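Number of protein chains: 2
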Amino acid sequence: MNERVQFPLSAQDIPRAWYNLAADLPDLAAPRHPATGRAITVDDLLPIVPAELARQELTLDREVEIPEPVRRIYARWRPSPLVRARGLERALDTPARIYYKYEGVSPTGSHKPNTAIAQAYYNKQAGITKLATETGAGQWGSSLALAGALFGLDVSVYMVRVSFDQKPYRQLLMQTYGARCVPSPSSETETGRSILARDPDSPGSLGIASSEAVEIAAQDPSTNYACGSVLNHVLLHQTVIGQEAIAQFALADDYPDVVIGCAGGGSNLGGLSFPFLGEQLRGGRSVRVIAAEPASCPSMTRGTLAYDFGDTAGFTPLLRMHTLGHGFIPPPLHAGGLRYHGMAPLVSEAVAQGLIEPVAVAQSACFAAGVRFARAEGIVPAPESCHAVETAIREALRSKEEGVGRTVLFGLSGHGHFDLSAYGEYFSGTLQDEEFDVGGMYAALAGLPDV
Amino acid sequence: MNERVQFPLSAQDIPRAWYNLAADLPDLAAPRHPATGRAITVDDLLPIVPAELARQELTLDREVEIPEPVRRIYARWRPSPLVRARGLERALDTPARIYYKYEGVSPTGSHKPNTAIAQAYYNKQAGITKLATETGAGQWGSSLALAGALFGLDVSVYMVRVSFDQKPYRQLLMQTYGARCVPSPSSETETGRSILARDPDSPGSLGIASSEAVEIAAQDPSTNYACGSVLNHVLLHQTVIGQEAIAQFALADDYPDVVIGCAGGGSNLGGLSFPFLGEQLRGGRSVRVIAAEPASCPSMTRGTLAYDFGDTAGFTPLLRMHTLGHGFIPPPLHAGGLRYHGMAPLVSEAVAQGLIEPVAVAQSACFAAGVRFARAEGIVPAPESCHAVETAIREALRSKEEGVGRTVLFGLSGHGHFDLSAYGEYFSGTLQDEEFDVGGMYAALAGLPDV
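As you go down the protein sequences, you meet chains A and B in turn. First residue of the first sequence? That's 1 in this note's numbering, and the numbers climb one at a time after it. First residue of the second sequence? That's 1 in this note's numbering, and the numbers climb one at a time after it.
Errors might be hidden in some of the hints.
[As the list claims (entries may be wrong)] DMTMM-like mimics (lysine to aspartate or glutamate), calculated; alpha carbons at most 25 Å apart, straight line: (1) A:Lys124 to B:Asp93; (2) A:Lys130 to A:Asp220; (3) B:Lys124 to A:Asp93; (4) B:Lys124 to A:Glu89.
[Unchecked claim] Here are the simulated distance ranges between beta carbons: (5) A:Gln280 to B:Asp165: 49 to 57 Å; (6) B:Ser364 to A:Ala91: 43 to 51 Å; (7) A:Ser428 to B:Asp433: 52 to 60 Å; (8) B:Asp165 to A:Ala91: 55 to 63 Å; (9) B:Val404 to A:Ala30: 56 to 64 Å; (10) A:Ala126 to B:Arg398: 32 to 40 Å; (11) B:Asp253 to A:Thr304: 54 to 62 Å; (12) B:Ser428 to A:Glu65: 42 to 50 Å; (13) B:Pro69 to A:Ser286: 31 to 39 Å.
Hint data in this document are derived by calculation from the structure and do not stem from the laboratory. Values in this document were obtained by computation on a predicted structure and should not be read as measured data. Yeah, the Cβ is synthetic: ideal placement off N, Cα and C, and Gly gets one too.
Isolated chain A, as found in the complex:
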């Protein structure tokens, strides 16, 4: 065992290809066309994404080469640190060895640029000049804004209105990068107008914001849609995280027994865990993978595995995923991110096959874990990442109870510098654990498409 704190790689060690779990995961259900019910093709996706991303969405190739211009931008902050959490280990007095892979070193402070840069690159190559997208907490929107600035693309971000109002700094970050940020539902789309007509005070949701962005992209040939999570090609791009972690564990002369990621749409979790699962599926070492989701928006632990739309209006292909129903609206006061009605098909299938174990974490427990981590390790985690921190602490304490020195890896997907008002609510006691809206889920599930 190497007893160092960091296990640095050089820019040459940035992976040359993304890893595609679909190549190793048997029985992955294909996305279907909402009108015909048949498996979708590359051509079906061309109105909203460039051909190469459409191909990546459907490919079963194990590896997809990372273009050099994308690797060169990755090299500005990648390989990201793998850190041994010695301060946290001491604070917990645990025999567990805890490591975290820290994505907060990116310019926007999260893992999201890993795919934003790639998507902007392929769109630029395809002659596209404008991108439209949705964002919740704003990590994705600001990352696409960054990528748009670097590749000279105009970016419009439809931001869930409750987040737009709560997080002015995220809007300003997008504006600094030159992007346009619009609260959703907006009056710019049919979708937005019809929702506002029914509910002028709608807090919005990721599903609604996605519909707005997809609608704009489908109508304007110079505009494409960029997606921040859920889809196969998005998770694909994030696998640089787990591949780097595997190389770093070789330097550490260690290997995780448990891999933990927070999961909203699934891209952070998939990016970290899929390369480890790939090793396992090809006969290598086994790992226990845990997906930590919010108790108030628990698609994996409470939802249904079914074909559903990725957005509220029903513009996207049908995806087989764990879902609360595409009409489900998460509690508006939830501060912890990860508010999406569904889970990535790749993650959902891995959960169904027992390769990933989902857990639901309450909001107040997340912030308590985040504060504990900050004081022990120095980094204030994003509320999303706190779900993984809480789960890792629980695993480390179990390790202590059982007297077994396991190796625990978790993804620290971002820092919380934009989310300190949520920490403030936690400190002042105004932050409540939101009830999961079971009735809302059943109502939404009643609207599942008939496939």
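We have chain A; now place chain B onto it with these hints.
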């Protein structure tokens, strides 16, 4: 010339000693005792700092060994990146090669932890349990809060009131680390109470906040004072920045013609430039060093070189420095940080000897440069750092006019994720260039101590 974008070092390459410019800079004036006027001794400093820091403040040794526990914490984010700013070079169409040394990867997003960690370590070793300090924009206070959490010390931060009101996120960051943040002037000290009696609406100043922290430390044997800039030992600890940069330039097979840093108290500028100046003073390559200060608080370009107090109440030793007078209160609406009446004695002496060239930059020009940099390089700079960005852009454009391909290095001392409201004011046009208060300076200079 190596054409890569990053020049990564490993944790083993973190310097083993800090570099002390005082060893190579002739004729540095010693700090003096305010009561007697004689040169101060280690003993004079013991009421407020531990013996080892007092020794470092006065030593002429060229190297001071970095303790291993401090290096191990540095290793969580150091060596910090040296990045070739290819995006900015393209945007400016300049023959200059622009590099930046990026300190925003630290847990609090700036260079300040380099000395906070060291100071907390020495205080812990000396059996101290509490630290008191001042902070302006909050970068220093949050960094000392971080260090206090890591070493188990209670931290009280007196924060300039106008910043306390403007930057709630910085307070929350300190709170997350477990520190206590108090708006200054406060009713907790004689200094604060007497200022509030005269002016209940005092916006505060770094000088006032320093007096409060020093007063507390001087009265309570278990509390010491920790300083975020200006003093020799603080600049000493920051020299890891420049030493790493020299090693990274060797990898780049390049060397800077110009080294640029923003300067408020001088620790970021000194940390970056002193190792280069040391090379020059010992007969190595010459560099032009530029210190970029705010036009509204221009100690080097408009102030006087004289003995003055570091704080408003006159508790500190007398320091020979460029000063606007210890009673000078910078414009309260200034968003760009760097609001201190004086300049570090080491920087001041280097300016007096022509080794460092000061320039003053207006606030709006800083934000314009920050936005330009963000869109070209992806990182939103802290307003302080924008002073260096603006100066670097000016140098690169001069390089273009003259058709000379110079190598320009600047310090990107931190990211602006906590300062986006200031960017918002810039975008909305409400951010004004503050006039320098010349009358206020003359009034303050009239109160210089008689030495």
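Query raised in the report: Hints broken by the structure, by number, lowest first?
Result: 7 and 8
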